[in-house]
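Chemist: Read top to bottom, the protein sequences are chains Y and R.
Residues 1 to 897, numbered by the UniProt record's numbering, are exactly what the first sequence covers, in order.
Residues 1 to 182, numbered by the UniProt record's numbering, are exactly what the second sequence covers, in order.
To be clear, the hints were calculated from the coordinates, so they are not data collected in a lab.
Please read these numbers as outputs of a predicted model, since none were measured by experiment.
Take the hints with a grain of salt, since some may be wrong.
[Unchecked claim] Have a look at the derived ranges for each label pair, beta carbon to beta carbon:
1) Y:129 - R:115: 39 to 49 Å
2) R:142 - Y:109: 21 to 31 Å
3) R:142 - Y:128: 37 to 47 Å
4) Y:131 - R:113: 26 to 36 Å
5) R:105 - Y:151: 30 to 40 Å
6) R:168 - Y:129: 54 to 64 Å
7) R:16 - Y:129: 23 to 33 Å
8) Y:427 - R:113: 53 to 63 Å
9) Y:219 - R:163: 35 to 45 Å
10) R:105 - Y:49: 40 to 50 Å
11) Y:128 - R:168: 25 to 35 Å
12) R:16 - Y:192: 46 to 56 Å
13) Y:151 - R:142: 42 to 52 Å
Heads up, the beta-carbon is just placed ideally off N, CA and C, and yes, glycines get one too.
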Amino acid sequence: MASNAQDNHAPLRAQDGKKDEDDEEDFEYSPFHGIEKGAVLQEARIFHAAQTDSRKCQQVLTRLLYLLTQGESFTKNEATEVFFSCTKLFQNGDANLRRLVYLIIKELPPGSDEVIIVTASLMKDMTSNNELYKGGSIRVLCRILDSSLLQQVERYFKQAIVDKAPVVASAALVSGLHMLRENPDIVKRWSSEVQDAVQSRNPMVQFHSVALLYQLKSGDRLAISKLVSSLTRGNVRSPLAQMMIVRCVARVIADSQAYADQERPFYDFLESCLRHKGEMVIFEAAKAIVELNGVTEAELAPAITILQLFLSSSKPVLRFAAVRILNKVAIDHPMAVSNCNIDMETLISDQNRSIATLAITTLLKTGNESSIDRLMKQMSSFMTEIGDEFKIVVVDAVHKLCIKFPTKFRSMMSFLSSVLREEGGFEYKKSIINAILGIVRTVAESKETALTHLCEFIEDCEFTYLSTQILHLLGEEGPKTSHPAKYIRYVYNRIILENATVRAAAVAALANFGMRVPSLAPRVRVLLRRTLRDNDDEVRDRATMYLKLLGDDATGEQQEPTPRPKVLRGQNVSLAGLERCLREYLDTPMTEAFDMAGVPEKELVPVEASKPGAPGASGSGDLSGDLSLKSDFEEALQQIPEFADLGPLFKSCDAVELVEKETEYTVSCVKHIFASHVVLQFDMTNTIEEQVLEDVSVDVDLAEAEAYEEVLTIPATRLPYGVVAQTYVLLAYEQGTMPFGRMVSTLKFVVKEIDPSTGDEEEDGFEDEYPLEDVYCSPGDYLQRTKISNFRNAWDAQDPDTEVVDEYGIGQRDSLQDAVEAVVETLGLAACEGTEAVPPNARSHVCLLHGRTTAGGSALARVNFGMDRNYEVAIKLTVRGESQDVSESLHAIVAEG
Amino acid sequence: MGFLSKLLSLFGGGSKQVKILVVGLDNSGKSTIIHKLKPNAEKKTSVPTVGFNMEAFEKGSLRFNVFDMSGANKYRSLWEKYYKDAEAVVFVVDTSDKFRMCVVKDELERMLSHAELEKVPILFFANKKDLMNAMSPVECAKYLELETIKDHAWQIVHSNGLTGEGLSTGIDWLAQSLSKKK
Ligand SMILES: Nc1nc2c(ncn2[C@@H]2O[C@H](COP(=O)(O)OP(=O)(O)O)[C@@H](O)[C@H]2O)c(=O)[nH]1
Ligand SMILES: [Mg+2]
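With the hints as constraints, model all of the structure from the sequences given.
Modeler: As structure tokens, this is what we get:
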């Protein structure tokens with residue numbers, strides 16, 4: 001109706017040409033303009049009339065539905081009132097009115113106790129002779145029937161599925177899909193009727209029946225794969241249904257195990273669908289092919305060719321669909337898409353900005369270094385014209401590009417900083433910041449520029465979350481830059497201008513400058529003291545704590561700074577555990593200080609997340625944790641001068657306990673792996689109250705770890721009761737090797753007794769030793785578990801000469817899944833492409849594993865598992881790596897283990 | 001004038017429409033009675049009504065739009081939603097169900113105390129008269145203390161829903177009192 005009104009007036013408007021005014025006028029022509037809930041509820045009283053005026057009632061119902069779709073909310077009373085008055089309209093037989101009544105019952109259902117009132121009326125409609133009644137009532141019934149009522153009318157549903165009227169059949173099929181969730185057992189009994197409906201000549205019915213049939217079988221892999229093969233051979237004509245089948249096929253392929261050398265099932269079918277006359281089928285097939293797990297260039301080719309044709313279609317929607325798929329392909333297979341580059345170039349000037357955006361970001365992925373500057377410029381010109389969703393696509397593309405062409409970081413950074421200044425929603429801003437951080441990780445020299453941009457950003461940032469994260473990052477990274485002082489102003493501004501959460505974060509960041517840069521400490525102390533009167537508890541608490549750490553007792557008097565523990569064990573605790581311990585502590589009289597030693601440690605996060613080029617680093621979901629570029633361990637180790645020259649930390653292994661629980665001392669060991677060194681960190685606690693230990697170290701015997709050479713030991717000076725202290729042993733090994741080692745280790749220390757009555761310490765102590773469990777090193781320590789998305793490509797990229805194959809029996813296991821987990825664990829590699837999950841009841845399985853070596857190369861393993869009747873598991877391990885040594889080292893892990 | 005009568009004839013063939021609420025405990029015979037009242041009704045097995053059912057039939061110059069309410073306990077509280085614009089009430093009592101007669105009395109009292117139910121006529125069908133141990137209409141009226149009803153015109157009629165006996169007597173009375181009222 002609205003559009004008719006507009007069309008009539010179109011010639012008139014063209015003359016006066018004032019666009020804005022016209023828009024307002026347009027609005028007035030909407031039949032829904034100025035509709036207001038109170039008034040409509042008044043009008044709804046006509047439903048009660050003895051003589052119902054069908055036309056009027058329809059208008060009122062339409063207005064009610066309009067309000068509902070506009071998000072208007074009705075109180076419980078209003079909804080009930082309207083609902084019951086609508087039920088009275090069942091006395092009118094007008095089919096159009098009845099249709100609206102059905103809709104309103106669906107959209108405005110009162111509580112389940114009340115909605116039941118229409119059941120009998122709907123059942124009557126369902127069994128009537130009127131097709132419109134039948135279809136409509138079925139769609140409502142599926143929402144309100146419980147399983148016992150459903151059983152009563154089940155036979156009508158079955159009849160409806162094979163009803164010759166398409167409206168009725170479709171309604172019943174779609175209802176089946178809805179009811180499958182609550183009443184799967186009942187709906188499953190209808191499958192022979194649904195099967196019949198697949199033969200319907202009506203495209204919609206065919207579509208819905210394929211969808212329902214698929215859902216009915218979806219729990220059962222075998223049945224589903226049978227169904228899909230019969231569907232692909234059947235005579236399904238309708239493009240809608242055919243498209244649905246392509247989707248089902250895609251899911252079946254995704255669920256089935258892909259073997260590198262086997263022909264892919266259903267590929268021929270997908271390929272044939274590329275020649276279907278329905279465009280939706282073609283797109284669906286192209287999408288399915290493109291998303292195949294480990295798709296090869298040969299498999300891709302036909303899909304790309306057909307999509308390329310659509311790029312020059314006259315219909316924008318087809319161009320859009322094609323460029324969107326190609327854009328995705330370009331991430332993993334830029335070469336395959338580069339054939340379309342000329343068409344893409346044309347699309348940059350497409351009237352439709354969404355198409356242009358996708359074209360440009362595709363070109364960014366497929367293009368070479370020389371074209372980047374030009375593309376970036378073109379992109380900046382229309383960033384303001386596109387929606388956030390597409391802006392994120394652009395930003396992500398730039399992010400990935402920088403990993404590929406690090407030398408271009410300057411133009412990318414300036415692009416990102418300019419878009420950061422523009423308006424945008426949270427997700428968009430987050431993606432920009434994520435991209436900036438990604439560049440910092442890849443190109444170290446970009447760090448200071450990036451920090452400056454981020455500083456400017458928080459001056460005017462409406463997102464608390466982003467502000468706090470950036471402040472944290474400034475606190476971590478700012479002190480290490482050449483001019484730390486220049487960041488202080490930005491951070492302090494936040495303390496003056498922001499909400500409490502941001503202020504608290506700024507206080508922590510500020511304090512970091514004071515602690516890391518001694519020359520700034522006095523300034524920081526002055527600033528922190530000003531926040532002691534903040535009206536927020538958290539801000540004050542933080543300020544007080546940091547002032548104390550900075551040697552200021554909050555009265556302004558100078559003190560010795562409280563020494564900062566070298567490695568804060570506190571950073572490494574499980575937060576849930578800490579919370580629990582604190583709660584327990586609150587229940588005690590709290591006469592003693594809280595003991596951190598009792599708090600469980602958290603699972604160590606592998607360092608891989610912060611490595612440049614690792615797949616995790618390029619995704620857009622990175623910002624989840626904190627923005628720190630380094631692990632807590634790396635941070636802590638860097639503070640120890642002896643370890644300053646070791647280079648970047650490659651990996652910290654999980655902590656291993658070296659003593660039995662509940663003994664005098666607890667000692668655990670964490671191995672930190674560097675390019676040519678290993679740092680053994682021993683965390684120790686003394687559980688004997690009457691003793692204090694001094695000069696504590698761990699002696700490691702390298703007789704059975706000849707590949708290692710001891711460089712130095714850093715003892716802990718003092719280990720009083722209940723405190724965690726560290727001692728370190730630094731070992732050297734030959735760069736690039738992955739040596740085994742078993743080190744017999746002993747705790748050495750000087751004991752001093754404490755007089756329990758006075759708490760005084762004896763003057764002289766005596767030397768003592770305490771045997772520890774052995775420390776083991778294995779090649780797995782020198783690998784980072786990093787997943788890759790395309791195993792086959794990575795595998796083919798490795799030199800086949802590095803391949804080493806062997807078979808091993810690994811004994812009895814409870815299940816194949818068990819065996820897979822054990823092998824993945826010992827190898828120190830990450831399972832890719834979901835191969836860590838063994839399908840139920842499988843007798844054999846292939847697991848694809850990947851890891852990164854200290855040299856930055858790859859280690860790939862393909863493990864074939866087989867299990868016999870006695871649950872004996874055998875594996876065939878095929879390894880390729882950056883060198884044959886790497887491959888052999890991996891075999892050694894299994895052979896020695 | 002011509003326009004109005006045309007309109008009227010569109011809805012219900014020119015006869016005046018009245019909205020009737022049929023209530024009573026479950027299994028008292030409401031649906032059976034309504035079914036019987038419809039002209040040329042085919043035979044059908046009765047299943048308990050879930051919620052309510054709409055039926056319409058003509059009687060003389062009146063077109064009855066009948067809301068056949070479910071009598072099951074959990075739906076009885078929903079009757080009141082339909083009191084507001086009801087023009088007459090038919091209350092069906094199973095006279096053989098002496099055991100639940102006290103429940104009938106409760107429900108009746110609850111209905112009569114409801115403000116929205118204006119002074120509409122109430123027709124009681126003392127149903128299932130054919131059954132051995134059925135109460136007579138007089139006994140029923142006494143038990144239910146119908147004589148205390150002052151705000152409504154009422155009548156009690158002995159009926160048999162299966163044969164249709166007594167139904168037209170009742171409906172005639174209803175039609176009469178409805179046309180008197182207007
Ligand atoms: N013997 C007898 N049975 C009846 C009579 N009226 C109804 N019934 C039966 O009573 C049962 C309940 O009837 P129904 O109309 O469904 O009751 P409702 O729940 O009030 O709608 C059915 O089995 C009817 O056949 C009657 O007058 N005499
Ligand atoms: Mg009934």
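Chemist: Evaluate each hint against the coordinates.
Modeler: Cross-check of the supplied hints:
As the Cβ distance of residue 129 (chain Y) to residue 115 (chain R) is approximately 41 Å, the hint placing it in 39 to 49 Å holds. About 44 Å separates the C-beta atoms of residue 142 (chain R) and residue 109 (chain Y), a value inconsistent with the hinted range of 21 to 31 Å. Range check, residue 142 (chain R) to residue 128 (chain Y): Cβ separation about 43 Å, and the 37 to 47 Å hint holds. Distance hint check: the CB atoms of residue 131 (chain Y) and residue 113 (chain R) are about 45 Å apart, inconsistent with the given range 26 to 36 Å.
One distance hint, 30 to 40 Å for the beta-carbon pair residue 105 (chain R) and residue 151 (chain Y), holds here, with the actual separation near 35 Å. Remark: the range hint 54 to 64 Å for residue 168 (chain R) to residue 129 (chain Y) is contradicted by a beta-carbon distance near 29 Å. Here the CB-CB span from residue 16 (chain R) to residue 129 (chain Y) is close to 28 Å, well matched to the stated 23 to 33 Å. Between residue 427 (chain Y) and residue 113 (chain R) the CB atoms are about 59 Å apart, so this pair conforms to the stated range of 53 to 63 Å.
A beta carbon spacing of about 54 Å between residue 219 (chain Y) and residue 163 (chain R) contradicts the range 35 to 45 Å that was offered as a hint. Between residue 105 (chain R) and residue 49 (chain Y) the beta carbons are some 33 Å apart, a value that contradicts the proposed interval 40 to 50 Å. Checked against the hint of 25 to 35 Å, the C-beta distance between residue 128 (chain Y) and residue 168 (chain R) comes to roughly 28 Å, which is consistent with it. Range check, residue 16 (chain R) to residue 192 (chain Y): about 51 Å between beta-carbon atoms, so the 46 to 56 Å window is met.
Taking the beta carbon of each, residue 151 (chain Y) and residue 142 (chain R) are about 43 Å apart, inside 42 to 52 Å as hinted.
In this structure, the hints that do not hold are numbers 2, 4, 6, 9, 10, in rising order.
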